[in-house]
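Asks: Sequence:
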Amino acid sequence: MFQVARIPPPPQLLDDMDVDLGEGPSNSVVAPGEVIASAKEYMRGHGTYVESDSIVSSVAGTVQRVNKLISVKPLQSRYVPEVGDLVIGRIADVGAQRWRVEANARQDAVLMLSSVNLPGGVVRRKIESDALKMREFLAEGDLLVAEVQAFFGDGAMSLHTRSLKYGKLRNGQLVVIPPRLVRRLKSHFVHIPKPCGPSGVDVIVGMNGFVWVSLGTSQGAREGGEGFDSEGVYRNDNDPISPAARQAITAVADVIGTLAAHDVPLADALIGEAYNWVQDAGLEAPLSEEDGTRMVADLGLV
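Under UniProt numbering, the sequence shown has 53 at position 53, and the numbering climbs by one with no breaks.
It is possible that part of the hints are untrue.
[What the hints assert, rightly or not] Quick list of the computed label-pair ranges, beta carbon to beta carbon:
id	residue 1	residue 2	range
1	Phe-151	Gly-282	42 to 50 Å
2	Glu-128	Pro-265	45 to 53 Å
3	Glu-284	Leu-132	42 to 50 Å
4	Lys-68	Phe-151	25 to 33 Å
5	Leu-299	Leu-118	42 to 50 Å
6	Arg-135	Pro-265	35 to 43 Å
7	Lys-68	Leu-185	28 to 36 Å
If you're looking for bench data, these hints aren't it; they were derived computationally from the structure.
Because the structure is a prediction, the values reported are computed rather than measured.
Ideal placement from N, C-alpha and C gives every residue a C-beta, glycine not left out.
Start from the sequences, fold in the hints, and give me the full structure.
Replies: Pasting the structure below:
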């Protein structure tokens, strides 16, 4: 029989838990199997279990306390969706009247045929001929932006794209960052104006950690909340993109990746500030680790 070795708690940890740890997160980082506190004085929460009258961490993360409830927030975790969240996903499978979407969550999301706009913005009931054309709308590998509408009984997300703000993504590139670094913003559609490219650069920040950086759209489309042309919402080809626009898209994507690498939460204004810093410094993508550290320090993010 094998015995599981338990990591003894640091001498000060239990004392800190008893005296100093207030509500919410602490600075205590624990490893799996590490004893946190006495189960006789505290209740176990998520990320913990009880063994030998002690609360033990089951994940690597930071200790949190709410009254007498002890939990551990993982350092890295999957996206936990909420109704109304804006997410970016990739079509994983096309089924009967539905698409299965990989959205960086614990399980794939579902986009029903009845939850999408038809080409041309026609509003009507979906018929059998629409089901036969599903791959013409969205095929495996396509990226899309959608909204979390509800949840199924098994916890899977139900998405919808019934707005011209949502639809298939083109003319850009995907950046993947940890979902914990995404904050709820007033708008998750960010526009960085000229001189960032000939027409600016658009950024869509998904709550699930998927960020889309693309060619800037017209001011009229942004003010009207219509990010997609109703006629070309399911087009598969990109618009002509000039070398200057490609450089701007690459630079913004690199800035976002650099901020994430330094564990900086993403905010709409911060993306523009970081891009301007790179341009003022005369640097080009990709930024070196040294330049990234200097950028974060100069922007006061450390």
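Asks: Hint by hint, say whether it matches the structure.
Replies: Hints, verified against the model:
no.	hint	result
1	Phe-151 <-> Gly-282: 42 to 50 Å	holds, 49 Å
2	Glu-128 <-> Pro-265: 45 to 53 Å	holds, 47 Å
3	Glu-284 <-> Leu-132: 42 to 50 Å	holds, 48 Å
4	Lys-68 <-> Phe-151: 25 to 33 Å	holds, 30 Å
5	Leu-299 <-> Leu-118: 42 to 50 Å	holds, 44 Å
6	Arg-135 <-> Pro-265: 35 to 43 Å	holds, 38 Å
7	Lys-68 <-> Leu-185: 28 to 36 Å	holds, 34 Å
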